[in-house]
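Given these sequences and hints, build the entire structure.
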Amino acid sequence: MGNSAKEQQELKELRKLIFITGYKGGMAHLASCYSSLEMIYTLYRKGILRLDRKDPKWNDRDRFILSKGHAGLALYGVLLQEGLITEEMYKSYLTDDSAIGGEPCMRDCEWIEATTGSLGHGLPMSVGIAMALKMNHSEAKVYCMLGDGELEEGTVWEAAMSAPSFGLENLVAILDCNDIQKMDLVKNTIGMDNWAEKWTAFGWNVFETDGHDIEAFEKTIREIPQNGKPTFVIAHTTKGKGVSIMENNPNWHFRLPGRKELKVFKAELEIDDSELE
Amino acid sequence: MQSAYIGKLMELAEKDPNILHILADSGTGYDEMFRRNFPDQIYNFGIAEENMVAAAAGMATVGKIPFVFTAGAFLAYRSFEFIRDDICFQNQNVKIVGMGSGLSWSSLGPTHHTTEDLAVLRAIPNLMILSPATPKQVAACVELAYKHQGPVYIRIGMNREKEFFEDPYEITEGRNDILTVGDDILIYTTGSILEEVSEAAEMLKKDGKDVQVMNACIIKPFACPELEQIRPGQTVYVVEEHNIHGGLASILAEHVAFNGLGCKIVPIGIEDRFAAGYGSIKQVRKANGLDAVSIYERIKSYE
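Chains A and H supply the protein sequences, listed in that same order. Reminder that position 52 of the first sequence reads as 1536 in my numbering, one-by-one numbering, no gaps. Reminder that position 64 of the second sequence reads as 96 in my numbering, one-by-one numbering, no gaps.
Since the hints were derived computationally from the structure, they do not count as laboratory data. Heads up, the beta-carbon is just placed ideally off N, CA and C, and yes, glycines get one too. Check before you lean on any hint, since a few could be wrong.
[As the list claims (entries may be wrong)] Calculated lysine-lysine pairs in the DSBU-like style (CA-CA distance at most 35 Å, straight line):
(1) H:Lys-47 / A:Lys-1713
(2) A:Lys-1575 / A:Lys-1682
(3) A:Lys-1750 / A:Lys-1666
(4) A:Lys-1618 / H:Lys-332
(5) H:Lys-332 / H:Lys-237
(6) A:Lys-1541 / H:Lys-47
(7) A:Lys-1541 / H:Lys-40
(8) H:Lys-168 / A:Lys-1541
(9) H:Lys-179 / H:Lys-47
(10) H:Lys-314 / H:Lys-168
(11) A:Lys-1747 / A:Lys-1713
(12) A:Lys-1538 / H:Lys-47
(13) H:Lys-179 / A:Lys-1541
[Claimed, not checked] Listed below are several chain A residues computed to face chain H (Cβ distance under 7 Å; list not exhaustive):
(14) Met-1590
(15) Ser-1646
(16) Pro-1648
(17) Gly-1651
[What the hints assert, rightly or not] Reference excerpt, derived from the structure (chain H facing chain A, CB under 8 Å, subset only):
(18) Ala-87
(19) Ala-88
(20) Met-91
(21) Glu-113
Encoded structure:
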């Protein structure tokens, strides 16, 4: 298990791109982006999502819904690296002519399957998409990524209850389980984080994996059984992965580095001053 | 009204297999008829309105045309953000239908009353709003909602509303229905309360007044060309089973101000409070000054 040199290089480039773009824009959920990055990369770059590059709205495409929309810069970054959006679009982030913002928006890009940003919307929408695909006898799958803080939203559980009852084996919910939410650790906020027990009890297949290990994550996704049940993948991650001072630190949910901290970012992400101008 | 709704929906569902009847465990006795005829086009999400609304938006992205049906209050208030973000912002082809407009759920009290739905939902861009008064209008609204590509809200009463229109009835976009023509008193209304308004108009006529009753079925996009020629200073009595803030009276007030029309508006509705009383629709309308006699007396006090 692990990540190849090429993958490591591409991920490094993405972390650098996300930081530079977010820093120049003046706002970004960097830690959340770095938490989700390897998984979004694996879904798009390792060919798990069946897409038609020429037709973003192909009926039988797989769908990816980023319910934790604040990792939008990671999703748009992977779309750029995959050649689905332009560099011009990505770099317009928070400029006077912004084509994208901090959360994925269908209005802005035809590769975005659902507009998210308000938590607890992605999984219910994914349930509807999976139901409609099932009605159409389509083989397409729906992948929905949630944050573990997001699981405090009630609609996640309405959707969690409905998906098995509708027999949505074409639905895969991926939990970016980094143990941290905006103000504190998830376990300090809501007490219990026994997700595997909860989702198993709700009638889902449940698997656990490492959300930063591409090979392990890919294997987990590719081996999902078709047994009539939806699947919940608990991907353990590190919030802020890739920058030492940001890793596992709740203070970094929604902020950019100050002058001293910037030195650490630049050193660890190998960024020159000229790239931040 | 429910029978008219399901009847028209079944007619459309037969022609278009993409039409789905979506419920949150708050349907009517007619749903079984739909299920018998179209078992693959009906889904009950259980008591989970937000999940239902968001899922309907998801279904629409795949080309389905969900008609989401539940109690108006649980739809308009509980699911508000899901209607806004998932259906309207994404401009999905979903029709949301609130059963029990105004005081229809008269025996259950304000948790079930739908007396602020126009106020909250009309603030959302992309949403067409329809407020039928009679069974024929309900059927016409379902047809119009189906033909309209995009989000639509239909609020319907549930108290065996009388029919005031003749066959064939069609909604004409951009104008209101005029039920009686008269010069002295102009009453403008929407939804099921038309029944009380008609009775009040009859009482006024007996007093020798010439009464015009005008009915708005399409609340948004709003149009009222009938008022273009209104006499300066004339009064328009707006009767609605809705808070006087944010409903038809407010919409008309905006229209009058925005267009520099010179009329005066007297709102007759729920006076910015939660409705009083329990009982039959007649009892609760009376308790809130919205039965025919109260409407008649209120108008008479101004004339």
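- [ ] List in ascending order the numbers of the hints, as given earlier, that are violated by the structure.
- [x] Hints 2, 4, 8, 11, 16, 17 contradicted; others consistent.
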